[in-house]
Amino acid sequence: MNVLVCVKRVPETGGRVTLTADARDIDTRYLGFTVSPHEECAAEEAVRLIEANGGSSTVLTLGPEAASDQLRAAMAIGIDRAILLETDGQDWDPVATAAAIVAAIQAEAAAGVSYDLLLFGNEAADSGDFQVGIRVALALGLPCISGVKSLEINDGVATARREAGGGWDVFEVPLPAVVAVREGINLPRYPSVPGRLRAKKKEIERIVPTAPAAGLTGPAKIRLRLPAETEGRVEVLGTGAEAAPAVVDVLVRIGILSA
Amino acid sequence: MSGLPDRARVVVIGAGIVGNSMAYHLARLGWREIVLIDKGALPNPGGSTGHASNFIFTTDHSKEMTAFTLDSVRQYKELGVFTQSGGIEVARTPERMEEFKRRLASAHSWGIDAELIDPARIKELVPYIEASILLGGFYTPGVGVVDSLRAGTLMREAATAMGALTISAQTEVTGIDVADGHVTAVRTDKGTIETGTVVIACGIWSPRIARMAGATIPLTPAVHQMISVGPVPAFADTVGEITFPIVRDMDTNMYERQHGGDLEVGSYAHRPILMSPDEIPSIAESAQSPSELPFTDDDFDLQMEQALELVPEILRDERVGVRYAINGLLSLTPDGMPILGETTEVHGLWSVAAVWIKEAPGIAKAVAEWMTHGTPEIDPHSSDIARFYDHHRVAAHIDARSAEGFNKTYGIVHPMEQWASNRDVRLSPANIRQRELGAVFFEAAGWERPFWYGSNEHLLAEYGERVMPRAAEWESRWWSPIVNAEHLAMRDRVGMVDLAAFAIFDVLGPGAMDYLQGLVVNQVDVKNGRVIYTPLLNTAGGIVADLTIIRLGRDHFRVVTGGGLGMRDKKWFTDHLPPDGAVQVHDLTSSLYTVGVWGPRARDLVQSVTSTDLSNAAFPFGTAQTVEIGGVRTLMSRISYVGELGWEIYAPMEQGLRLWDTLWAAGQPFGVVPVGIGVYATTGRLEKGYRAHGNELELDFNLVEAGMTRPTVKDAEFVGKAAYLAQRATPPAAILCTLTVDDPTSSTGIRRYMLGREPITTPDGTFLVDARGRRSYVTSAGSAPSIGKHVLMAYLPPEYAVEGTKLAVEFFGERYPVTVAVVGSTPIFDPENARIRA
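As given, the protein sequences belong to chains A and B, one line each in that order. Per my numbering, the very first residue in the first sequence carries number 1; after that it's consecutive. Per my numbering, the very first residue in the second sequence carries number 1; after that it's consecutive.
Derived from the structure by calculation, the hints contain no laboratory data. No residue lacks a Cβ here, since even glycine has one placed at the ideal position from N, Cα and C. Incorrect hints may have been included.
Stated by the list, open to error - Distance condition first, Cα-Cα at most 20 Å in a straight line; then the derived SDA-like pairs of lysine to any residue: (1) A/Lys202 <-> B/Leu302; (2) A/Lys202 <-> B/Met304; (3) A/Lys202 <-> B/Leu308.
Claimed, not checked - Derived coverage of chain B by chain A (criterion: at least 3 residues anywhere in the stretch with Cβ under 8 Å from a Cβ of chain A; other residues may be distant): (4) 296-310; (5) 314-320.
Said to hold, decoys possible - Ranges between beta-carbon positions, derived for each pair: (6) A/Pro245 <-> B/Asp237: 35 to 45 Å; (7) B/Asp587 <-> A/Asp22: 47 to 57 Å; (8) A/Asp22 <-> B/Gly438: 54 to 64 Å; (9) A/Arg225 <-> B/Ala236: 44 to 54 Å; (10) B/Glu279 <-> A/Ala103: 34 to 44 Å; (11) B/Ala169 <-> A/Gly54: 47 to 57 Å.
Okay, chain A solo, but in the shape it has when bound:
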């Protein structure tokens, strides 16, 4: 089978997010870049599916040249090939992004490469639009399941589960299909050193996507605003053995231990 995983390069924030002077972007001077945890799991899922079923996995992103880092990171854990829809670094909204991905998939199909499964992360870590996977599915006329935390493929049928209250929604769809997964579907592996070195040497296929025509794009980004910070509070419960009862109380209160 052939699996395509779509990922997005995003700033790796760990602490307080700061904005650029014009408030249109996150200040990334001190930040690394990554993909969302959902997308890491999507890539891991693709690798596992190919390990189990044979075939080939491809990772695709739309972004600047620097986004090759994220493609190589995916190849370092075992994705076979990579496609970069190279932009000049400007933001593409979900409508435009989905259109570019659809165009790339159609071009692949015209060249004889078709995908049985399109994997997305449930939402991007930065913009959180929850749209691209669904828009791609719609444009290609494919079934789409989002919020997926478990996925099995048998005889051309995907069985996907997502959490629903205390239980599971279970879906069966014929392939090809679009599946947007959530963190927790698997535990992604760390890249090995040989994996990283192999990924470094692999070719990245580059396509310059057609910029969306005016009028087709969605809402424009004016500026970003940081939410009010919630002041963290540190309470020292005690030191040494004397602190133990207080720690137990807290663990009970937050449901880690039962009373």
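Could you slot chain B onto chain A? The hints should help.
Showing chain B alone in chain A's frame:
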């Protein structure tokens, strides 16, 4: 623990390994009301300590750094945070194997247990290593890792238990107040603390904090890349943090070390990645910590391949993942040494910066001693912040040299190796002439000093084998036989030596004489025009400096000292000035040019361009006079560091070229040769047994041991007098001797010439240890072309300090026979000093 006091005896800024060690050692030495603050949270406030790999290799070619490291290991062991694992530095190249022999010599000189081992033995100790690509290793069983965060906690707890310490974490310094050149308060976001003493132990942030007080700490944050891979199957059955020896892959500038179930791979091989202290993100902005920046994998690619070659069993395993990878920030300095001591700009403001885990507790102990009574046990002179000149304190210099030094972290660095970056910073007025003469320039304190002159190549034919040519590549590097030819020509005729690098300062005022009398060992109450050579001591009798002083008038003295430590000497002088303003120190370093003219024809030469009577009677040794030379009013001082008749001649810097040209032209009939610093600092000096600060003279030795006592001690009080009198009343534990190499021929038939710091042994290879536990090593080494021997200076225990005693010196793994030629300060050449007094 809570609440920031209004007032403190000392505020230590920074609670990494350095600040914690400082707080502890100050408390131990009796300081109270110590306040330790850090903008981060404890125990890991987010600086370099938090991401350090925490291993300690003990041997360094620098005696000072080794001493700090060994003391640190001792302290870490006492704290119970040291895990001994052993460490192996491995060689992939023959050059590295040679370097290991030299490293072993340093280990022997500093008393460290180490051995050279073959690849099979490396494999035995580190089963997962690919030994087939290695030629051998340098194994130090005493190497280990420490828990530096735990050490910091224990030291804070100890200081707190003494009732000495208040800790305030998450407290950010916003300013440092200074009044009349003295620190008065530290302002923070939680309040202001009045204090007269501040310790900057802020690692990569130190320059930023110092600047708040108007002081400079010339270091730069730089990236050190590290990855951690795991889980490693080979480590599955090990217990604790480390079982296998740490491996340093010297030829690739990398290390590989077990860390529990993981293997850490660190690199000093990537391109230098420097940052400005102002660019470091805040704690809030940092994804991990401010000193753990996002990993840039492109920089690590080559290292990944090289690591794969060395530990393929672990790294080829697809199950072993890269779990952690950072660009960790650490501190680099323009000369690779730490930055310690009171800043030259602000009294009471101390720097303990650019200090790594391996040396931090030892350095903190020394600095605490320095702050408490001024007499650190380990001599910190190479790390003293006062070593920096203004030209060292600029970003262009700091960045260029730090970048150049970074890739030498594991390098094979020749003791005379010159920096390539940021040269031509300070030029002698005669530089233009020296270039015409084909001078090969070495740098000292930023000055470009001719080390030898290409124009003297013709002398090689004149002197033939007497120039003691060198066949071995190592000691031919940064050297030329022309040095020895210049030496012989100077001894035969006359030489001109450019000494623009001297640091010169005038001491002026009605209190000048009494002030100097109280500062230096020798008598300064002399007639005007007398030249005094004198050592300076600290209160414990340790040797701080040696220099010359010319009395120019009742209230006017001129101090002339070496350029290398000139600014440190200047700080010593200014720190001791009386508070009433009766004495002033004026720095004339950039105002006065100095040229030396020495040799049997020196008088003839200078006399030919002056009407002043230069005869021995009119201008005796040890005196100075104002003399007009070719229209330049100069001060001539009849002294010599090379043991010849002649003078140091001082002139205004802007007239230096004219003075040089006048002397050069006048010298032609007398066969004048330009003579480089190779002669001045080494061959000429060693033949005369003159001691050099940093080699023979340092806090570790005293004047009795150095053979520099005079028959009487002046009546006046002076710094260190009581200690000095006690030293004179005690038999010395070691005596400085001059030794000659009997036969420099190696086992392969090549003549080898030691360069300094090699261990002295008995003929059968037993190391010499004196009653104070100090090993004997070569303090200086060089050719003595006038006597046709290679000579060494070394402190020897009294039982060996006997003329004619046969000993040996270890050099690149072989022992060479040497003989004690002179005990004490008598010159090996011209012992009566007839030439100087001619």
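Verification of the supplied hints:
1. A/Lys202 <-> B/Leu302: holds (16 Å)
2. A/Lys202 <-> B/Met304: Satisfied, since the Cα-Cα distance of roughly 16 Å is no more than 20 Å.
3. A/Lys202 <-> B/Leu308: Holds, at about 19 Å.
4. 296-310: Holds, because 6 residues of the region 296-310 of chain B bring their Cβ atoms closer than 8 Å to Cβ atoms of chain A.
5. 314-320: This one holds; 6 residues, not fewer than the three required, reach chain A with a Cβ under 8 Å.
6. A/Pro245 <-> B/Asp237: 35 to 45 Å: holds (37 Å)
7. B/Asp587 <-> A/Asp22: 47 to 57 Å: Holds, since B/Asp587 and A/Asp22 (Cβ atoms, about 50 Å apart) stay within the stated range.
8. A/Asp22 <-> B/Gly438: 54 to 64 Å: Holds, at about 59 Å.
9. A/Arg225 <-> B/Ala236: 44 to 54 Å: holds (50 Å)
10. B/Glu279 <-> A/Ala103: 34 to 44 Å: holds (41 Å)
11. B/Ala169 <-> A/Gly54: 47 to 57 Å: holds (56 Å)
Of the numbered hints listed earlier, not one is contradicted by the structure.
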